[in-house]
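Protein sequence lines correspond, in order, to chains A, B and C. In this text, residue positions in the first sequence follow our numbering: the first is 1, and each later residue adds one. In this text, residue positions in the second sequence follow our numbering: the first is 1, and each later residue adds one. In this text, residue positions in the third sequence follow our numbering: the first is 1, and each later residue adds one.
I should point out that these hints are in silico values taken from the structure, not numbers from a laboratory. Even for Gly, the Cβ is constructed at its ideal location relative to N, Cα and C. Some hints here could point you the wrong way.
As the list claims (entries may be wrong) - Computed beta-carbon distance windows for the label pairs: (1) G100/A / G80/C: 57 to 65 Å; (2) P83/B / C31/C: 19 to 27 Å; (3) E134/A / A16/C: 53 to 61 Å.
Claimed, not checked - Pairs of lysine to aspartate or glutamate residues, derived as EDC-like cross-links and limited to a Cα-Cα distance of at most 20 Å, are as follows: (4) K758/C / E303/C; (5) K89/B / E23/C; (6) K89/B / E29/C; (7) K81/C / E96/C; (8) K81/C / E109/C; (9) K758/C / E191/C.
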Amino acid sequence: MKPPAFDYVRAHDVAHAVSLLAAHGADATPLAGGQSLMPALNFRLASPALLVDLNAIGELSACAVDDDGSLLIGATARHRHVETSSTVARGWPLLAHAMGSVAHVAIRNRGTIGGSLCHADPSAEWPALCIACEAHIELRSARGTRDVAAADFMSGLFTTVRASDELLVRVRFPRWPATRRWGFREVARRRGDFAIAGTACTVDVDAAGACTDARVVVFGVADGPVRASASEAALRGRRPDAAAIRAAAVAALTGLEPRSDAHASSAYRLELVRTLTARALGDALGVPA
Amino acid sequence: MTGPVAIVVLVNGARVEASVEPRLTLADFLRTRLRLTGTHLGCEHGICGACTILLDGQAARACLLLAVQCDGHRVTTVEGLSPPTGLSKLQACFRRHHALQCGFCTPGMVVTAHALLAESPHPTRAQIEDAISGNLCRCTGYIPIVDAIADAARDGTR
Amino acid sequence: MSGETGDVTRGHVGRALARFEDERFLRGEGCFVADFERPDLCHAVVVRSTVAAGRVRAIDASAALALPGVLRVLTHADLGKLGDVRPIPIRVGALEGLERFLQRPLAHERVRYVGEPLAVVIADDPYVAEDGADLVFAEIEPQDPVVTIAGALEGTRLAHPEIGTNVAAQHVAARGDVDAAFARAEYIRRERFTCHRHSSVPLETRGLVAEWDAGSGTLRVWGATKAPFFARRTLATLLGLEERQVEQIELDVGGSFGARGEFYPEDLLVPFAAMQVGRPVKWIEDRRENLIAMNHSREMTCELEIAARRDGTILALRGALAADLGAYARTTGGIVPAKAASFLPGPYAIGHVAIDVRAVVTNKTPCGTCRGPGRYEANFFRERLIDLMCADLGLDPADVRLRNLVPPERMPYATGRLVPYEPPGAYDSGDYPAVCREALERIGYAGLSPQRGCLVDGRWHGVGIACFVDSSGGGPPEQARVRASGSGRFRLDSGASSSGQGQQTTYAQILADVLGVEPSAIDVHLGSTTGLSRGVGTFHGRGIVMGGSAVRRAGEAFVAGLLEEAARRSGAPRDTLAFAAGGVVRAADGTVVLSIDALVGARDSGDAAAAALLDVEASHAQSGATFEYGTQVAHVAIDPGTWEVEVVRFLTVEDCGHVVNPLVVHGQVIGASVQGLGGTLLEEFRYDEHGQMTSGTFADYLLPTSTDFPHVEGYSADHAPSPLNPLGAKGVGEGATGGVGGAVANAVADALRSFGVKIVDLPITPDRLFALVQAARGREGTAVPYFALGASSEFV
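Given the sequences, and given the hints that come with them, work out the whole structure.
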């Protein structure tokens, strides 16, 4: 399982990387953490002509709070950095917590948010987390810069709207209101394995404890993460008690046609969605399960 | 096709200059070019952990890194975590607890345990179990390995 | 030869000595075959069929040969230069009929499984060899494969059309009079069980380095293990060489668990390649290949019927089992189905047994032995059926075990002739009920009763028991050779192999006691055919039982030879002399009568008599196998929202007779238990209807990790040492895998007793449990708990 031959260039800054993608298009494959790309190369499932190594570009890995209070995570920021950052833990606790479910430490030391988003594995956590946080993804090319809402970034199984000459530069996570609650539950066969199903949710409550808004995102079950809008509707305007949460969990199944594979049937995935949504919402809202 | 690329890597504290094909993995670079065969290949897709090394002090899979990526970086292998002769305190704990049988996963376990204790000198048992959950062992059933690392943590030194 | 109660033990045997081999492994200085180099090495990659069944029309290697760095591409045509290409023979378990289904090292006109070797590409560099392999194109006309046991038995599609059947072997394993027993039974139940395909999957993949020294006509092969002497014989035969021209050398081995070292196609192809190319050839299997090409195992179906009295006394077992051998009969023949049948009655006094045993071929990876071959499967079938009986009769599973276990007063317990290629056997010794009681005590069986089948803290709890007996040793004698190196050091060569079981230390302990030295004074060499005149290897728990006993005998022969010589030289009666590390002394005052160092000096000056005294080989033969036994108990908790099964606690109490090194024994029990848990709850080789193996990576074939089974315990009992060898030892490497499937399945069934599901198939996964529960709900409506969020059960 040795990689096939390819050309290699180490990009020294964003402009350099962008120009390489412009020049080579689909023949150029960006190398970020390599934790998905390298297995593909070792299995010879991918045969890129040119690897563009992004790991030397300092600005691409930055992770900091912007003036407006939003969190900017650079494309090559490592999962482990997000996991251990006190800034992230304070302001966007869902992200820090969920990182613990991503593979294992040695993978998290290298794997990146940009790589995960562009790889677009339906079982991955980052795409769902970005939607639950209403994040925005910045893509840059020789043609300019564009902003894509997380919900619009994945377009299918292992497919995104990123053009082959575009570089994912960073992801912006809007500042959380103080009243935001969050929950995250996933089921995998073993610790760190890809999720068979998962629910990431953020819920805003008012002073009376009523839910003003919610983002419930189900992942691992379809071609990409799915926003459970029926769940959100079931929660909005209510003071969520156990019955409301159960109803919201059932509502998460609306319109879902989960895939079947070796590890889980479609019916079992539906069952998991119901259980995990209920538990994630229960965690978020402090309703004993 | 790009020809060989010149790299300079610090391996176990020693400066190494080499000329490598872009596709040469770090694992194969260490094993075949530098004859540091302690880093083992068990799967070549990042799951078994037998190839775990430290890159700039952090645990990483050598099978998922290219040698060319390591130009200008610091690599530490199990050989670099061993004293000139004999065993480190951590390694001695492994021996005491029979935390190895065939020895194939052992270097990866030692590197991972070393990285854990460097970051968390007093991990709980659950934290140890979690930390090595990315290293497969087919022989021991893991419990003796967790015992060994817990013992090393109690001892306070590596 | 009967076992001796020798008085030579001076205390190293029985000590929990930390292992000598550990230092090099911990420092990364082990030498596994992938680490091994020879000058001017080249690299081989095997081209494998991607089609499960078909006719090979052509193999086009021209593009590969045109690639710079590719040296040769070998196909069946090249093998043909050896003359008639003979198949790989059966080493053990030769059931009649299997000889028709042997494998040739390269596919010729037909391929019969995905992964079957088609060609070998040899290049200067392993990366280039793989590039070359990608450029070898095989034109195969695909045919419809047979991929299930049911399909094989039905027989419309044939894995070997020219033979005309998929039933490779069939026999009946029987004792007593089952018909009469069933006729008088007060209770009868029949069930169908299945065990899934999974296997050893060691962390090190296979590999070999081979070198042909044309000058001396010697073929050296590095990377041998398990049965190196058989490998030498087989390789010599297949290549038309004399045995003395072939050396099989064992390096460090990354685990075996039954699948490594069983002469594979590559064991011929790689040495052959070395002879053809004239350079040493290295072949290291990658994981993708390993999952498809290293022996699979365990796939078996069993219809089993139990006859009993209403009080739970088991009278008889009757049924039929069918084992999937894959595309070919391997070196391990029909061991798996044969032993499954013979171990179906297990440690119980069941006088009447009749099992129809079939071995079938399919278009899938060939199967061999895997830790506890046939035992794991049989124990699952039988232990489940016993618990189903208990549920029907309202009896406690623990009581029924204790009622039926062979009691100590019935030892040795004759088991009849249940294996066609073995003489009638007998369980040698043991107190089965005592060990069972100890296991129940340790798990706190009585105290767990209130939780069983109940929802506690949001999860359904269950406890399950399995009792097992397993065999070890017997078979051909094992050999050991003791030589004095001088300066107080000794060299031990053993015909046994190591794949991590610690023989470098345990054999030193055994010999140290005989010689009266420290274990560190002994250099242990294992497995290679180069160190001694003959040998066998390590499998079937032979490591200590046969290999260790041979070490003891060789040590005793060494000592006896020197005592005799000292008596002859000094004229003193032998019983006035004693052996001490430096040589032979007068027992009364310790005066040295014969010094080993002096003999070494004489040897080095050419004294042949001295040399002979310092170089002694001996063997241990055993008329039959020893039988280790034990009881395993599992406590599980099942989350009704996700159907995940947590193994809250798993324990084994096992009697393996006298223990040489408790650290090593405990390690084997824990390791075997976790391997069994992985097999029961995580691991599976899945095939689609086209014969494609879809569990092709470690993301699909799930090995247990440190967080999966953190609460596993093992305890040793020593009620009844084996009378069959001088160590009083029984094997321990495999037993604790054997009962895991049964114990866990029983625990799961116990937990879900109110759900109307029947647990009769492995593996047990959340997805499968959910499907069973859904099906039961569909049958029974909402009479069973539907959805529970937490401490209270919610009905939706």
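Here is how each hint holds up against the structure:
| no. | hint | result |
| --- | --- | --- |
| 1 | G100/A / G80/C: 57 to 65 Å | holds (58 Å) |
| 2 | P83/B / C31/C: 19 to 27 Å | holds (20 Å) |
| 3 | E134/A / A16/C: 53 to 61 Å | holds (59 Å) |
| 4 | K758/C / E303/C | holds (15 Å) |
| 5 | K89/B / E23/C | holds (12 Å) |
| 6 | K89/B / E29/C | holds (17 Å) |
| 7 | K81/C / E96/C | violated (31 Å) |
| 8 | K81/C / E109/C | holds (17 Å) |
| 9 | K758/C / E191/C | holds (10 Å) |
Of the hints listed earlier, the one the structure fails to meet is number 7.
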